[in-house]
Amino acid sequence: MPAGRVIARRGPHPARGAACLRPLLSQTRTSQCANGRSASRIVFPTTPYLAEKTAERPSTLVRAVHNGSVIPGKVVPSHKCCYVSDDGAEHSHHEYQALVTESSQFDWIPASDGFLPTGAVQGGSCVTGEPLYIGRTYHEGTLTIGKIQPSHRCLYIPYGGEEHCYHDYEVLVCKTVNF
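One point on numbering: in numbering that gives the first Met the number 0, the residue at position 148 of the sequence shown is 147, and numbering is uninterrupted.
One thing to keep in mind: the hints can contain errors.
Ranges between beta-carbon positions, derived for each pair [what the hints assert, rightly or not]:
#, residue 1, residue 2, range
1, Gly118, Arg152, 29 to 35 Å
2, His151, Thr175, 15 to 21 Å
3, Asp106, Gly160, 28 to 34 Å
4, Asn66, Gly113, 19 to 25 Å
5, Gly113, Gly67, 20 to 26 Å
6, Glu139, Pro76, 31 to 37 Å
7, Thr175, Glu139, 22 to 28 Å
8, Phe114, Pro76, 28 to 34 Å
9, Val126, Ser103, 17 to 23 Å
Please keep in mind that the hints were generated in silico from the structure rather than gathered at the bench.
Please read all numbers here as calculations on a predicted model, not as lab measurements.
The C-beta atom is built at its ideal place from N, Cα and C for all residues, glycine as well.
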């Protein structure tokens with residue numbers, strides 16, 4: 000089985016440490032961020048990995064470059080841009096990468112205080128090189144994606160213009176690795 004792909008603005012690139020990811024078909028679409036800036040030539044998956052879902056707004060797992068770091072976050076289709084958290088704030092981006100894979104190969108495992116279970120999926124890294132992992136938690140009734148920063152022993156999520164810290168969260172893990 001081939002390695003997974005992270006679908007990016009300029010096309011697919013191999014996902015780091017993602018031997019369990021299996022690529023799906025994608026198509027090119029253009030989008031416009033809430034601030035009106037064009038996100039032209041971003042490749043969106045036809046069936047993205049829905050990392051969270053509420054009745055009003057499903058969210059796709061993404062990552063974006065922010066101040067030199069590659070940070071896991073979310074894209075809310077109705078907002079037409081992605082959100083990541085950093086330095087106490089929520090930041091929107093119109094260029095990002097979306098995880099495209101089959102959800103049956105993943106699971107969410109409860110964790111706390113920086114703990115990472117076996118199979119934790121690395122979603123990015125800090126400008127310092129520290130790995131960032133993919134996590135989620137409920138915030139104000141909404142299941143929200145964010146970054147687990149092990150050295151800080153918590154999950155940070157972007158929500159409502161701010162970065163919120165949680166010590167209890169779920170970690171995205173790969174259930175199977177095919178050789």
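Which numbered hints fail = Checked against the structure, the hints that fail are numbers 1, 2, 6, 7, 9, while the rest are satisfied.
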